[in-house]
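A.B. asks: Please model the complete structure; the sequences and the hints are all you need to start from.
Keeping their order, the protein sequence lines are chains A and B.
The first sequence stops at residue 116 when you use our numbering, and every number in between is there.
The second sequence stops at residue 108 when you use our numbering, and every number in between is there.
Hints in this document: simulated from the structure, not taken from any laboratory.
Hints are not guaranteed to be accurate.
Pair ranges (Cβ atoms, derived) [as the list claims (entries may be wrong)]:
1) A:Glu-44 with B:Glu-15: 31 to 37 Å
2) B:Ala-67 with A:Asp-57: 30 to 36 Å
3) A:Thr-116 with B:Asn-55: 45 to 51 Å
4) B:Pro-8 with A:Gln-50: 29 to 35 Å
5) B:Leu-74 with A:Thr-114: 35 to 41 Å
6) B:Ala-20 with A:Asp-63: 42 to 48 Å
7) A:Gly-85 with B:Ala-67: 38 to 44 Å
8) A:Arg-84 with B:Glu-5: 26 to 32 Å
9) B:Lys-79 with A:Glu-83: 39 to 45 Å
10) B:Ile-107 with A:Val-12: 32 to 38 Å
11) B:Gln-69 with A:Asp-63: 32 to 38 Å
12) B:Ser-52 with A:Thr-114: 40 to 46 Å
13) A:Asn-62 with B:Gly-9: 20 to 26 Å
14) A:Glu-20 with B:Arg-66: 39 to 45 Å
A virtual CB, placed ideally from N, CA and C, is assigned to each residue, including glycine.
Listed here are the chains, written in short residue letters.
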Amino acid sequence: GAGVSQTPSNKVTEKGKYVELRCDPISGHTALYWYRQSLGQGPEFLIYFQGTGAADDSGLPNDRFFAVRPEGSVSTLKIQRTERGDSAVYLCASSLGDRSYNSPLHFGNGTRLTVT
Amino acid sequence: RKEVEQDPGPFNVPEGATVAFNCTYSNSASQSFFWYRQDCRKEPKLLMSVYSSGNEDGRFTAQLNRASQYISLLIRDSKLSDSATYLCVLNTGNQFYFGTGTSLTVIP
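C.D. replies: Have a look at this one:
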């Protein structure tokens, strides 16, 4: 079946611009996670949705970052006034969520964001 | 203190060698554990779950020691295709925590 889909796969933007990154999780997965990964590091947690609500947004680095999941499926990560330090690979993952705590994460291919 | 500590390596081993990675974790309430493999410029992919009794999948063996709060991954008869970064992951019920990854290179 279809896996987690992320678009775009690559995004180059100028400092100060606004970007949106999209994630389409595996059908039926209620939990959706956003991570950010820099070279040589493990994924860094940003935000987690259970259904439509953000269950934990403690990883968002500042108020320039925001994410939504209005219908409990597709999620959009929004970054305002981008900075060069935002350059990273943004990974989305989904899991079965509350229904099974043993359910692993399934990742999308990621969006490589470059801020020039 | 990080939730998960993992030796970043790198580990460079010859083909056919046995290699082991460990991760320690700090949250005793951690409920489930996983090993992921990540190839260069790719997303992490699930390698195997880690069960309390230990589990094996071909050349790969995963073990969990709750008393000492560590998990391990053993790779036997290493292949060139095993070269990758291996990430240990734990789930506390809602949240997944990742190690920094251990880099493995298998040398011909």
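A.B. asks: Quick one: are Gly-85 (chain A) and Ala-67 (chain B) within 38 to 44 Å, going by C-beta?
C.D. replies: Check passed, 41 Å falls within 38 to 44 Å.
A.B. asks: Given the hint of 39 to 45 Å, is the C-beta distance from Lys-79 (chain B) to Glu-83 (chain A) inside that range or not?
C.D. replies: 42 Å, holds
A.B. asks: Look at the Cβ atoms of Gln-69 (chain B) and Asp-63 (chain A) and judge whether their distance stays inside 32 to 38 Å.
C.D. replies: Since Gln-69 (chain B) and Asp-63 (chain A) have Cβ atoms about 35 Å apart, the given range 32 to 38 Å holds.
A.B. asks: Cβ-Cβ distance between Leu-74 (chain B) and Thr-114 (chain A): within 35 to 41 Å?
C.D. replies: The hint (35 to 41 Å, Cβ to Cβ) holds, given that Leu-74 (chain B) and Thr-114 (chain A) are roughly 38 Å apart.
A.B. asks: 39 to 45 Å was suggested as the range; check whether the CB atoms of Glu-20 (chain A) and Arg-66 (chain B) agree with it.
C.D. replies: 42 Å, holds
A.B. asks: When you take the CB atoms of Glu-44 (chain A) and Glu-15 (chain B), is the distance between them in 31 to 37 Å?
C.D. replies: 34 Å, holds
A.B. asks: Does the Cβ distance between Ala-20 (chain B) and Asp-63 (chain A) fall inside 42 to 48 Å?
C.D. replies: 43 Å, holds
A.B. asks: Given the hint of 30 to 36 Å, is the C-beta distance from Ala-67 (chain B) to Asp-57 (chain A) inside that range or not?
C.D. replies: The hinted range 30 to 36 Å holds for Ala-67 (chain B) and Asp-57 (chain A), with Cβ atoms some 34 Å apart.
A.B. asks: Return holds or violated for the Cβ distance of Ser-52 (chain B) and Thr-114 (chain A) against the range 40 to 46 Å.
C.D. replies: With a Cβ separation near 43 Å, Ser-52 (chain B) and Thr-114 (chain A) satisfy 40 to 46 Å, so the hint holds.
A.B. asks: Range hint 32 to 38 Å: satisfied by the CB atoms of Ile-107 (chain B) and Val-12 (chain A)?
C.D. replies: 36 Å, holds
A.B. asks: For the pair Thr-116 (chain A) and Asn-55 (chain B), does the Cβ-Cβ distance stay inside 45 to 51 Å?
C.D. replies: At roughly 46 Å between Cβ atoms, Asn-55 (chain B) and Thr-116 (chain A) fall inside 45 to 51 Å, so the hint holds.
A.B. asks: Is the distance from the Cβ of Arg-84 (chain A) to the Cβ of Glu-5 (chain B) consistent with 26 to 32 Å?
C.D. replies: 30 Å, holds
Consistency with the previously given hints fails for number 13 only.
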